[in-house]
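Trainee: Protein chains in written order, with the numbering used here: chain P, 1 to 168; chain Z, 169 to 371.
Mixed in with the good hints there might be a few duds.
Said to hold, decoys possible - Derived DSS-like pairs (lysine-lysine); straight-line CA-CA distance at most 27 Å:
| id | chain 1 | residue 1 | chain 2 | residue 2 |
| --- | --- | --- | --- | --- |
| 1 | Z | Lys270 | P | Lys63 |
| 2 | Z | Lys267 | P | Lys63 |
| 3 | Z | Lys236 | P | Lys63 |
| 4 | P | Lys63 | Z | Lys261 |
| 5 | Z | Lys242 | P | Lys63 |
| 6 | Z | Lys342 | P | Lys63 |
| 7 | P | Lys63 | Z | Lys245 |
Stated by the list, open to error - So the derived label-pair ranges between C-beta atoms look like this:
| id | chain 1 | residue 1 | chain 2 | residue 2 | range |
| --- | --- | --- | --- | --- | --- |
| 8 | P | Gly33 | Z | Glu310 | 17 to 23 Å |
| 9 | Z | Lys270 | P | Ala81 | 22 to 28 Å |
| 10 | Z | Asp228 | P | Cys83 | 35 to 41 Å |
| 11 | Z | Lys242 | P | Ala75 | 42 to 48 Å |
| 12 | Z | Gly334 | P | Ala81 | 45 to 51 Å |
| 13 | P | Leu61 | Z | Glu285 | 48 to 54 Å |
FYI, nobody ran anything at the bench for these hints, they're computed from the structure.
Note that the Cβ used here is the ideal one computed from N, Cα and C, for glycine as well.
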Amino acid sequence: MSENEDNFEMLRRLLTLKRHEIPPPGYFNRFSGEVISRIRAGEADAPAGMSEGLAAQAPWLLKFLQLFEARPAFAVAFASALCLLLVFGIVFAERPDSAPQPLLQAMAQNDGGAPQLAAVSPTALPETTVQTGIIASTNPVLGLQPVASLFGQQNPLVMPVSFLSSGN
Amino acid sequence: MAETAERKDSESPAPTEEMELVRRARRGDLEAYDDLVKRYQERIFATIYHMTSNHEDANDLAQESFIKAFQALKSFKGGSSFYTWLYRIAVNKTINFLKQRKNRMHMSLNDLDFNAEHDPDLMALISDKTPRRDAGLTELQEKLNAALMKLSEPHRLVVVLHDVQGQSHEEIAKVMDCNIGTVRSRLFYARQQLQGYLADYLK
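Looking at chain P on its own, in the form it has when it is part of the complex (with noise of 0.2 Å):
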């Protein structure tokens, strides 16, 4: 090491310039108080303390996001990356999981000819069907039991119903 600083010695000697470098004439005994006057007046710009509290609770995160200002690429690949994927999360969002089977072709292959719950609205059911009383639905209680009527009738109705009181 010591030949290595033999081969520097004229560099170090030039560096020693930088020692002579000062700021103006009285530039420190002003410091100290312009530091403790912006404590004072509690300059702590957000940014700062939201920094703060990102290093203390998750330092990773700060690390990450310090990736990006140092490199704006990064950047830009995370971007398109998260972009891609909320493409891909839209597309197969709207893409059905199978195709509906019509309601009597899925009974019959059923072996018991037990119901099956399908997409079918009701008013798109076979007659046949609405009148053993079985109810497509996507409650699986409700939908797979013959409802057998409370009132009397085998095809119950539903009737809007008034709560005004007409004596009023």
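Given chain P, work out where chain Z should sit, using these hints.
Mentor: Same frame as chain P, but now just chain Z:
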């Protein structure tokens, strides 16, 4: 600044006295913190100034470093000295600033003190019959700062802390959070680079 640069760690205030100041500052005692600022302001400012070669930036960064240190005092566990901890804050702040400022760098240099003209080493550098003969101290100062700014931040930091501020390898390793071997290799590489940049002035 020259005097402070040559201060050794052994000349630092007694740890107990310093820890008492830190304890008081942690409780919000601004007078105690004012004492701490006064103890280290010159060294912190000098390090940042030599890293940025810009007086105004160094002033802002040094003040912000002390403010940040005050706000973060509660997280200071005392695992290292307050001085090393403060240095780390200042150095990290400066390096982050330099990364952001990379493409819009400009120098704003402090004046040379009167003693520079009487430094025999420097006089030898500018008065020898070499190509640098015509160069005055101010030109030499500009060339030196420009060469330093060409180094990467870690390499510049090692040169500043060791060759300008006179810190030991061990102390630099603590500040930079790396091992001594890394400090030595960075110092060697940085000096090689500088020697190349300043070849005309070192013949």
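Trainee: Which numbered hints does this structure break?
Mentor: 8 and 11
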